[in-house]
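Peer 1: Chain by chain, the residues:
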Amino acid sequence: MYVSVKGGETAIGHAHAWLAEARRGDTALAELSTAQIEQQLSLAVDRVMAEGACADRGLAALALKQARGDSTEAAFLLRAYRTTLPRFGYTLPVDTAAMAIHRRISSTYKDLPGGQVLGPTFDYTHRLLDFALEAEGLAAPPPAAEAQEEAGRMPAVTAILAQEGLMAPDLASDAEPPDITREPLAFPADRALRLQAMARGDEGFLLSLGYSTQRGYGNAHPFVGEIRMGEVRVEIEPPELGFAIDIGDIMVSECQMVNQFAGTAEAPPQFTRGYGLVVGQNERKAMAMSLVDRALRAPELGEVATAPAQSPEFVLYHCDNVESTGFVEHLKLPHYVDFQSELEKIRAIRARWFAERAP
Amino acid sequence: MSALLQAEGLDLRFGAVRALDGVAISIWPGEVVAIVGESGSGKSSLLRVLAGMQRADAGQVLYRDAAGATHSILDASDAALRRLMRSDWGFVHQNARDALRMEVSAGGNVGERLMAAGERHYGHIRKVAAHWLERVEMDPARMDESPKNFSGGMQQRLQIARTLVTNPRLVFMDEPTGGLDVSVQARLLDLIRGLVADLGLAVLLVTHDIAAARLLAHRIVVMRHGRVVEEGLTDRVLDDPQHPYTQLLVSSVLAA
Amino acid sequence: MSETTPKPRPLAGYNFGYLDEATKRMIRRALLKAVCIPGHQVPFGAREMPLPYGWGTGGIQVTSAVLGPSDVLKVIDQGADDTTNAVSIRRFFSRVAGVATTERTAEATIIQTRHRIPETPLREGQILVYQVPMPEPLFKLEPRVAESTRLHALADYGLMQVKLYEDIARQGEVGTSYNHPVMVNHRYLMSPSPIPAFDNPKMHMNAGLQLFGAGREKRIYAVPPYTDVRSLDFEDHPFKPVRAPHACAICGSAESYLDEVITDDAGGRMHVCSDTDYCASRPPLEDAP
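So the protein sequences, as listed, match chains R, C and W. With my numbering, the residue at position 187 of the first sequence is 187, and numbering never jumps. With my numbering, the residue at position 213 of the second sequence is 213, and numbering never jumps. With my numbering, the residue at position 136 of the third sequence is 136, and numbering never jumps.
Okay, chain R solo, but in the shape it has when bound (with noise of 0.2 Å):
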């Protein structure tokens, strides 16, 4: 007697065993616990923490040690887990200003107050593979230098360029910003809300699209005016109290980029900003933001936009791969209702189409 396959629950099930099986691996192998995983892997976890959108590196260390290393399905478990988190309120802006440098650098000046940082970067390295890792029980390496506390020896570049008139000064607003963490996006987009959807959409969707506007789709000839990477203080304000109390400490990565702009008849030739602003060391990503944000700007400096870049509705739509990820993978979902009705639809088109030419 045909039984239409049942055991769905069951097969769901063994899933999941064989899931966590190959999750832990060879057991004859230590466990990575989610402290080495943190320290050790730790720009995995800023990547988890920035696309989670929640800064707790724990929290993103544990994601991926449950997603198996799967960066996407990390960020998408710190989401879920976020979801249940009661909201206190909001910070206050955080005063990169008063950051303390791990890494400052400018592509602008050769020289400048403060001096090159260049902090733990990638940047100089060969890239040839160290066996030496390979081992374990390595000796650990010699301690290297503290951070600089006196930011205010560091200005800000763009702030050099804007004493000489140079920096076209971005639109202050007091207006609360929007909060895409509880209201859907709404068109048109202001760059609050832009800046706050790239800050956690994906890396590599946004990398492609900053790369994109360099290649001529969107161009804007951008220089790096500062990159800074450090720890800036997180304060609130309970209304109990009435003035702002400090909560601790996070690292963010933050990207000014230096663009061209002609001028209008009411404006004169100035400089205009691409910003971005990554939770973590997100360098590449903040850099890519800050590309994209100057390309979603074009329409307020009266530039044709035309590369998808500085398309709104395209980069934003598209740039959470928590959603994107959702959606893509969603087709491995069963769909044999609709497609039983496209193939009766196109056996009678067939159908016609055979008569029509029948002789």
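Think of the hints as simulated: they come from the structure by calculation, not from any bench. Quick reminder that beta carbons are idealized off the backbone N, C-alpha and C, glycines included. Some hints could be false.
When the alpha-carbon atoms are kept at most 30 Å apart in a straight line, the in silico BS3-like pairs for lysine-lysine are as follows [said to hold, decoys possible]:
#	chain 1	residue 1	chain 2	residue 2
1	R	K345	C	K148
2	W	K240	C	K127
3	R	K345	W	K240
4	W	K163	W	K240
5	C	K127	W	K163
6	C	K127	R	K345
7	R	K332	W	K163
8	R	K345	W	K163
9	W	K140	C	K127
10	W	K140	W	K33
11	R	K345	R	K332
12	W	K140	R	K345
13	R	K332	W	K140
14	W	K24	W	K7
15	R	K65	R	K332
16	C	K127	C	K148
17	W	K163	W	K140
18	C	K148	W	K163
19	W	K140	C	K148
Label pairs and their in silico Cβ distance ranges [said to hold, decoys possible]:
#	chain 1	residue 1	chain 2	residue 2	range
20	C	R120	R	A192	42 to 48 Å
21	R	D170	W	T120	55 to 61 Å
22	R	G13	W	M134	31 to 37 Å
23	R	H335	W	T5	24 to 30 Å
24	W	P69	R	G13	23 to 29 Å
25	W	M134	R	D123	40 to 46 Å
26	W	E255	R	A11	29 to 35 Å
27	C	D139	R	A175	57 to 63 Å
28	W	N15	R	D249	28 to 34 Å
29	C	A79	W	R91	45 to 51 Å
Some, not all, of what chain W presents toward chain R, calculated at C-beta under 10 Å [claimed, not checked]:
#	residue
30	G56
31	R116
32	P194
33	I195
34	E217
35	R219
36	A244
Given the coordinates of chain R, work out where chains C and W should sit on it, guided by the hints.
Peer 2: Leaving out everything else, chains C and W in the frame of chain R:
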């Protein structure tokens, strides 16, 4: 107000450039008015402002519909302008590709405005589309072809059919024969002249081609640097131009 | 025949139905708006859920917002209770709400569905929650949301009618076999979700409340009971529901929507009801395979 469309005091600036400077123009039912001038004269800007596609910095544009109600175009809502453009008005673009849906068949292009207005009988839509294709001297058997396969002249005819299918009272035409070769232009102008006469359309026609203006228009408005420098009955203006610029325009045509 | 399963004990540490009360309130407000304007898409602040976007998060959020402790929940995917995603979602609500669940359409108070409307007609008081991937019926013709929003505001649906015209001109009939757009309450064009065109007529004047949730696209819409819902067509090419021209090999129904099942390598096939509950509630044929 007995005019179909009446505009006064129109000003428009793009930065330091005055595209329109105190322009006034009117058009009555059934008449063809040509707006002529060299490129940069403001004629295209004027057309766009009158058709509600561009807001002027100052001035007024009033349109009187079939029921006698007056609409102020410069402060009309997007919804009201769309409604007008779908029913009472038509707009023929210089480049047919700006108006046609290239991925839709010729019949679909002609029938779209009917369907947007609620027409729901497939057979009837095809009949009307076939009728209009014939009116613009196209073979109705090509109804199911894509406009991508048509020549520039045929695409323009298709655009005209698509525009006239809702029997508009006022049609804006922006250089309808621009970009077409000379013999094709002549046939198209003849077609337009016949249709205008048969249907009693009012047409506001922008062109740099004085000969086309003479062929089609009852009245002519000459523009230069955003201003109207001369206007009047076509024959009078072209045979006896008063303003030095008009004289220059006319004489350059004769010399050619 | 299955019965209502008794209420399981819910997971500790989660609010009833998973979502916090503030979020439920936000969703209910959106639902109220949606019910007042049948077929109109209402944006809502969709949350990330423990299931991926595209896998029913919109439907889950709607169900979570309307679910109460005395409700009886049925979850189907492709018409069946036993497909993996239906199992997963039903288990989710068992864990976070502890509600009774059932496979019987007639016993459910809330039915969450992916891509089918049950064959058994709904009664007044029942709620059907649809999972919607793309809420915008015009998206293939006009991907820009800003523009499609204007088209809805102006009731400017000529573009969709042209698409149907083109289908008929090219191949003699309308091309959509599922997710065929409908006009709701004579005003809004709506996507019925990817149900087969065969199911569209069930939406018209339905005694139950139909709610639609799109989590990833963050839209909610609704069709209140007894609302006019018509599939787009032409007078002389009327809408025709499509089903395989066979009878169910198990129960013999010649009316229900059928799945085609391949039985051997030589292309042997048989047809069975897609709606497993409907099929199971009918006496089996004597010579059922």
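Peer 1: Taking 30 Å as the top limit, are the C-alpha atoms of K148/C and K163/W close enough?
Peer 2: 17 Å, holds
Peer 1: Measuring from beta carbon to beta carbon, are P69/W and G13/R in 23 to 29 Å?
Peer 2: Distance hint for P69/W, G13/R holds at roughly 28 Å.
Peer 1: Taking 31 to 37 Å as the hint, is the beta-carbon distance of G13/R and M134/W inside that range?
Peer 2: 32 Å, holds
Peer 1: Checking one constraint from the list: CA of K332/R to CA of K163/W, max 30 Å. Satisfied?
Peer 2: It holds: about 28 Å lies between the C-alpha atoms, which stays within 30 Å.
Peer 1: Just to be careful: measuring from the Cβ of I195/W to every Cβ in chain R, is the smallest value less than 10 Å?
Peer 2: 8 Å, holds
Peer 1: Holds or violated: is there a CB of chain R closer than 10 Å to the CB of A244/W?
Peer 2: 6 Å, holds
Peer 1: Confirm or reject the claim that A79/C and R91/W have a C-beta distance inside 45 to 51 Å.
Peer 2: About 48 Å separates the Cβ atoms of A79/C and R91/W, which means 45 to 51 Å holds.
Peer 1: Under the criterion that the straight-line Cα-Cα distance not exceed 30 Å, is the pair K332/R, K140/W satisfied?
Peer 2: Holds, at about 21 Å.
Peer 1: With 42 to 48 Å as the target window, see if R120/C and A192/R comply at their CB atoms.
Peer 2: 46 Å, holds
Peer 1: Holds or violated: are the alpha carbons of K345/R and K332/R at most 30 Å from each other?
Peer 2: Holds, because 22 Å separates the two Cα atoms, which is no more than 30 Å.
Peer 1: What's the verdict on K140/W and K148/C, does the C-alpha distance respect the 30 Å limit or exceed it?
Peer 2: 21 Å, holds
Peer 1: Are K163/W and K140/W close enough, with their CA atoms no more than 30 Å apart?
Peer 2: 10 Å, holds
In terms of the numbered hints stated before, the structure departs from none.
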